[in-house]
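*Asks:* This is what each chain is made of:
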Amino acid sequence: MTLKKAGDDDFDEKVIEASEDKPVIVDFWADWCMACKQLKPTIEEVAEERDDVDIVEVNVDEAQKKPQKYGVRSIPNVNLFIDGELEDSFVGNRSKEDIIEWIDENV
Amino acid sequence: MKDLVVIGAGPAGYTAALYAKRYDLDVLLIGKELGGLCSEAYIVENWPGTKEIEGQKLMDNMKKQIEDLGVEVLQKEVRKIDKNGNFEISTDEETFEAISVILALGADKRRLNIEGEEGLVGKGVSYCATCDGPLYRGKEVAVIGGADSGLKAAMLLSEHADKVHVFEATDELNAEKIMVERCKENDKVDLNRGMAPKKFVGDEALEKIVFDNGEEAEVDGAFVEIGSVPNESIEEIGGVEINRDEDGFIKVSEDLSTNIDGVFAAGDVTTGSNKMRQVVTSAAEGAIAASSAYNYVGQEKA
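If you read the protein sequences in the order shown, they are chains A and B.
FYI, in our numbering the residues of the first sequence are 1 to 107.
FYI, in our numbering the residues of the second sequence are 1 to 302.
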């Protein structure tokens with residue numbers, strides 16, 4: 001499962017609607033954010049390994065409305081959507097083990 | 001088996017690894033956050049010889065320098081250290097054996113520990129203006145803390161936010177005069193003394209700050225800049241507690257040795273350099289610790 005991208009226009013389709021079928025994890029990031037850059041390869045690895053979730057990345061410089069709507073005021077901000085609802089989120093860089101544990105706890 | 005494992009990827013760790021490698025020690029550097037606190041510094045103007053440089057860039061330069069010499073920099077968190085003759089340093093995935101260790105663990109940002117703070121971290125409450133500042137374009141924000149780091153954060157935030165309110169709890173701004181002047185001349189920044197925050201209020205995100213004196217401030221973001229505390233992720237090695245002072249700083253001698261043979265410490269986490277917490281002092285401590293580790297390894301191998 002590879003990492004997907006979404007912006008303001010296709011967020012609802014790729015995240016909210018898609019999460020009705022399968023949980024969707026959203027990674028809000030920006031290229032000026034060091035912790036985001038450090039998290040990126042970890043998230044990519046998790047995306048490769050887990051087929052039971054979709055992982056979508058949203059660049060907060062390009063998509064300004066959705067981060068605003070979901071109260072994203074710190075990045076990296078990783079949110080988990082299940083059945084159209086925001087289930088849980090975490091902020092900051094995490095290890096692969098921690099992310100997998102977080103997924104298992106919530107999904 | 002390594003001669004030395006350096007734990008921490010800030011100026012102290014990088015400099016320790018640099019000196020160790022040049023002493024021909026087989027050295028490995030393991031750090032949780034590449035660049036540490038320094039990489040959160042927007043601009044560093046007091047690294048000697050360099051008029052100004054982004055904290056992140058300075059750290060990238062240090063990392064590249066040692067990697068070019070053949071030092072491996074592993075971005076992982078060290079979970080524990082055991083001692084079985086030599087030291088066994090463990091991350092989640094592997095365990096490394098080494099004759100000596102340098103703890104360059106750095107510091108973490110101090111929290112206010114007030115009501116509403118924990119629940120709003122990442123939702124308006126932040127400890128890093130360089131990290132989150134750009135997310136507040138056109139908004140109104142507060143900086144808690146009127147010392148150097150607070151005023152620097154305020155100046156940085158004014159490049160993004162429309163309004164920045166600095167709230168200092170005491171009656172004085174304990175900052176360099178030049179920083180106070182820059183803030184006073186900045187139309188977007190106002191300085192407020194005698195304002196100690198009591199609680200953060202907000203449902204899904206921060207809405208306002210309530211102060212001890214009853215006043216309130218409606219802001220979209222609050223950046224807490226009240227100093228840092230030494231990292232305490234490693235408290236003991238092989239069952240022996242690492243001696244720290246009452247504020248949590250690792251006690252070091254002049255040669256940067258700790259109470260445990262073969263274990264040295266450097267940087268913000270130590271009691272060294274008169275506790276002057278700067279990139280330049282951390283780097284110096286890294287060099288001294290490496291030199292001490294080199295002598296120790298030489299003796300152990302003799």
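It is possible that some hints are incorrect.
[To be verified] The calculated DSS-like cross-link candidates involving lysine-lysine, where the alpha carbons are at most 27 Å apart (straight line), are:
id	chain 1	residue 1	chain 2	residue 2
1	B	K198	B	K139
2	B	K57	A	K66
3	A	K69	B	K208
4	B	K57	A	K96
5	B	K139	A	K96
6	B	K199	A	K96
7	A	K37	B	K76
8	A	K69	B	K199
9	B	K188	A	K96
10	A	K96	B	K163
11	A	K69	B	K163
12	B	K208	A	K65
13	B	K188	A	K40
14	A	K37	B	K109
15	B	K198	A	K37
16	A	K40	B	K32
17	B	K198	A	K40
18	A	K66	B	K139
19	B	K208	A	K40
20	A	K40	B	K80
21	B	K64	A	K37
22	B	K163	A	K65
23	B	K32	A	K37
24	B	K188	A	K69
25	B	K139	A	K65
26	A	K37	B	K139
27	B	K188	A	K65
28	A	K96	B	K76
29	B	K57	A	K40
30	B	K139	A	K69
31	A	K66	B	K208
I should point out that these hints are in silico values taken from the structure, not numbers from a laboratory.
Computed from a predicted structure; not experimentally measured.
*Asks:* Under the criterion that the straight-line Cα-Cα distance not exceed 27 Å, is the pair K198/B, K37/A satisfied?
*Replies:* Outside the cut-off at roughly 35 Å; violated.
*Asks:* Holds or violated: are the alpha carbons of K32/B and K37/A at most 27 Å from each other?
*Replies:* 14 Å, holds
*Asks:* With the threshold set at 27 Å, check whether the alpha-carbon distance from K96/A to K76/B stays at or below it.
*Replies:* At roughly 10 Å apart (the allowed maximum being 27 Å), K76/B and K96/A satisfy the hint.
*Asks:* Is the Cα-Cα distance between K188/B and K40/A 27 Å or less?
*Replies:* 34 Å, violated
*Asks:* K188/B and K65/A were given as a pair; does the straight-line alpha-carbon distance stay at or below 27 Å?
*Replies:* 25 Å, holds
*Asks:* Under the criterion that the straight-line Cα-Cα distance not exceed 27 Å, is the pair K188/B, K96/A satisfied?
*Replies:* With a Cα-Cα distance of about 41 Å, the restraint between K188/B and K96/A is violated, given a limit of 27 Å.
*Asks:* For the pair supplied as a hint, K163/B and K65/A, confirm whether the alpha-carbon distance does not exceed 27 Å.
*Replies:* 21 Å, holds
*Asks:* Regarding the pair K96/A and K163/B, is the alpha-carbon distance no greater than 27 Å?
*Replies:* Not OK: K96/A and K163/B at ~38 Å, beyond 27 Å, violated.
*Asks:* Take the C-alpha atoms of K198/B and K40/A, compute the straight-line distance between them, and say whether it is at most 27 Å.
*Replies:* It is violated: about 36 Å lies between the C-alpha atoms, which goes past 27 Å.
*Asks:* Given the proposed pairing of K57/B with K96/A, does the C-alpha separation stay at or below 27 Å?
*Replies:* 26 Å, holds
*Asks:* Tell me if the straight-line CA distance from K139/B to K65/A falls inside 27 Å.
*Replies:* 14 Å, holds
*Asks:* Has the given pair, K69/A with K208/B, been kept, meaning a C-alpha gap of at most 27 Å?
*Replies:* 18 Å, holds
In terms of the numbered hints stated before, the structure departs from hints 2, 5, 6, 9, 10, 13, 15, 17, 19, listed from lowest to highest.
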